[in-house]
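Number of protein chains: 2
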Amino acid sequence: MKPSLPKGTRDFTPQQTLRRQYIFQTIQKVFVKYGFQPIETPAMESLSTLTGKYGEEGDQLLFKVLNNGDFLSKANAQALEARDSAALVSSISKRGLRYDLTVPFARFVVMNQNDLTFPFKRYQIQPVWRADRPQKGRYQEFYQCDVDVVGSDSLLFEAELTQIYDEVFTALQLPVVVKLNNRKILAGMAEAAGIGDRFVEMTMAIDKLDKIGVEGVKKELSSRGIDEQATEKIEQVLAVKELSELSAFFADSETGQKGIEELKTVFDLLSDVQLNNQMQFDVTLARGLNYYTGCIFEVKVDTAAHPDIVMGSIGGGGRYDDLTGVFGMKDMSGVGVSFGAERIYDVLEELNLYPETVAQNLKVVILTFDKVTFRYGFKILQQLRTAGIAAELYPEPTKMKKQMKYANGRDVPYTIVIGSQEMESGELSLKHMKSGEQEKLNIESIVDRLS
Amino acid sequence: MKPSLPKGTRDFTPQQTLRRQYIFQTIQKVFVKYGFQPIETPAMESLSTLTGKYGEEGDQLLFKVLNNGDFLSKANAQALEARDSAALVSSISKRGLRYDLTVPFARFVVMNQNDLTFPFKRYQIQPVWRADRPQKGRYQEFYQCDVDVVGSDSLLFEAELTQIYDEVFTALQLPVVVKLNNRKILAGMAEAAGIGDRFVEMTMAIDKLDKIGVEGVKKELSSRGIDEQATEKIEQVLAVKELSELSAFFADSETGQKGIEELKTVFDLLSDVQLNNQMQFDVTLARGLNYYTGCIFEVKVDTAAHPDIVMGSIGGGGRYDDLTGVFGMKDMSGVGVSFGAERIYDVLEELNLYPETVAQNLKVVILTFDKVTFRYGFKILQQLRTAGIAAELYPEPTKMKKQMKYANGRDVPYTIVIGSQEMESGELSLKHMKSGEQEKLNIESIVDRLS
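Protein chains in written order, with this note's numbering: chain A, 21 to 471; chain B, 21 to 471.
If you are wondering where the hints come from, they were derived from the structure by calculation, not from laboratory data.
Hints should not be assumed to be uniformly reliable.
Pairs count within a copy or across copies, as identical chains cannot be separated in the list.
[Unchecked claim] Straight-line C-alpha distance at most 25 Å; calculated DSS-like pairs for lysine-lysine:
1. Lys-350 / Lys-425
2. Lys-27 / Lys-114
3. Lys-27 / Lys-253
4. Lys-94 / Lys-114
So that you can see chain A by itself, here it is in the shape it has in the complex (with noise of 0.2 Å):
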């Protein structure tokens, strides 16, 4: 037979698992410094865990696994009559794999309420399933990477989660513009528009504004019967620059008025911080799914610096005051943001940014001729790795050729050739492969050179 992957899936070749590990690896330490522990949950979750979280259209994403043994003898008949797929699901499944890790998170949290320390700042890296359409970028299976904290409402938080966009995007050599909103921003803007009734319209109709326009998004107003009075009012918000232009719109709108003292907080905290990217506040962002009632952040790659760049937000999130309230534990305020990693991979892919080093931990292969050399080559072997040098013995004295290949083929940037002579005299050939430059060298000089 010949072997495939499902649609949608991925196997990751050591270079790319590589380069994974490196951007994992880079936003896991700025984590840890910033004070957040691991955890991570089971890729299989109680259906009744995750149905009804992330919509109706959600639902139908949610990949089901099947009941083992004998399933159909508890199938819903009824539904197996009828042939209703849908209706059959809950009585031949229980189980549904991860969509995302906010929901395993909230629950974690409720579940493991009494031996968690509050506020508790988490992290995952753990991978996700949906069942939408594979097609380019888009996959069944990838990685989420989310860091949150809940069980306080200090803005605190939200300074350090813009830090940590920061320092995580600096390390990885890619500069961003991180944009910051408030919630409470877009509701004062639907107060002072007359229409706090439609708040939920009104956002996600901005939140298109990338792609249709002001005039797009006035006409998608007006088409949901929202008078021009009210839409007119709106444009005028959104052409606001600066947080200390909105306060004139709110006299009105309480709601506006925190929502600028909250950003504003923010802001003046960050003034202490020696940051390398932006931070701009964009009144315009509005991050679509409506849990969010706090600040809101969106990361995209600073085209000022890379014009070529065409790639949406790398990251996002914002603070939403009840994370838990589903699985019963009220009043927990949560805020975090996530990091795209697979697009993040993609961007540093195109602009060439990985560290040479990434690929390249095996150091040396050590080539011998005979069997003799050979062992002595195992010899030399141990007292690199003692050394704690990646090394390598190619695996039988064959053909030069051929064991030069098999360096070649691993980017190996030394290889260290063991001939009778070279063995007697203990003056070993060492050469680096980019250059072509050989080197004899006593195996004390290799260990240093190498180290």
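Position chain B against the provided structure of chain A, taking the given hints into account.
Quick look at chain B alone, frame taken from chain A:
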């Protein structure tokens, strides 16, 4: 709703996750030093890739993922009519969760053969899923940690895998015994006993030796119709302690002689190496799985060092002459071992072998009294983090008792308390939490101390 987890699955708390990271990183570091490269494969494989690879019992234990959408529309009508779950499965599910890492690895090698450099040395640390009945220490989702070489029959790799075991368990401070045998020696045993054609049955019986003793093995062989002369010969061979004593039995078994020779080569290579753990030839080691064809390995906790530990093998593996044949790529010899990560986790916990630092990646929490000192604390925080120190500021200047409770809950080694006096003088109060000792130091000295 009260949330719960599916049976046989687990959450990992920060402490557990950090300890798991410690185990995996320790193992991974050794793999890299030995020239192994990471790959990752998707959780979901085509059922056609998985089915038939793990025996009939294994097929029962595969988790199958329901096709999305109106899956009944393409269901096998006859099976549906007959309410035949087993016959229905393949028409409503085309994907399953991976059952181990070996079959995905073989598939990976076949699909990527043109891009790989052979011998291909890979490691892979990922979860697998099995619908086993959950019980203490047995989960439906658990990690495997495999390291394999494919494309070479050099016995160098048998030696290196033994070294890897030695080095990993040395780093984990867990003394072990690595047992080695060779399936060719078992074949020789069968030939010596005149039952070469009953090799698999003999091996299965010997595999139970630990549980049922020699008499039990003999009884089982008799019950399968193997005569007394043969079972006595087998008993004699099973009593052999030294490799050198075996030759006498294998005068007429070329395969047996080959097995001795292979093991001798491995032990001879290892004689050049400084090992910290015991390597033991064990003629009774059988490893039930019958795809092994050469050397086989098994690791157990050294009961001389830890007599109270009752635990099965914590690692094992072997050589298989035809790893990829099932996917149409012939003559690829492979050898590999795996680490029983879940059991290793339990043993380290039982023996209290986790370094204290594993749980303490947060170094210090800053506690403040009011808005002004909070703001000053935020600046101090930046200086600590800039120096690479994992640090936190308690997110609000609330009651000191509450802040201290948090610091204790995080098990943090140090706190810094900042009142107005400390702020004025710049001499901050650094408290060592375990001893309770406090010192007044400026921020530069604190950075030095904590770095």
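Now for the hints, and whether the structure bears them out:
1. Taking the shortest Cα distances, Lys-350 and Lys-425 sit within 25 Å of each other only across copies (22 Å), while inside one copy they are farther apart (63 Å).
2. Taking CA atoms no more than 25 Å apart as the test, Lys-27 paired with Lys-114 passes in both settings, with 24 Å inside one copy and 11 Å between copies.
3. With identical chains, the CA atoms of Lys-27 and Lys-253 are never at most 25 Å apart, being 47 Å at best within one copy and 54 Å at best between copies.
4. In this assembly of identical chains, the alpha carbons of Lys-94 and Lys-114 lie at most 25 Å apart whether taken from the same copy (12 Å) or from different copies (21 Å).
Consistency note: the structure conflicts with earlier hint 3 alone.
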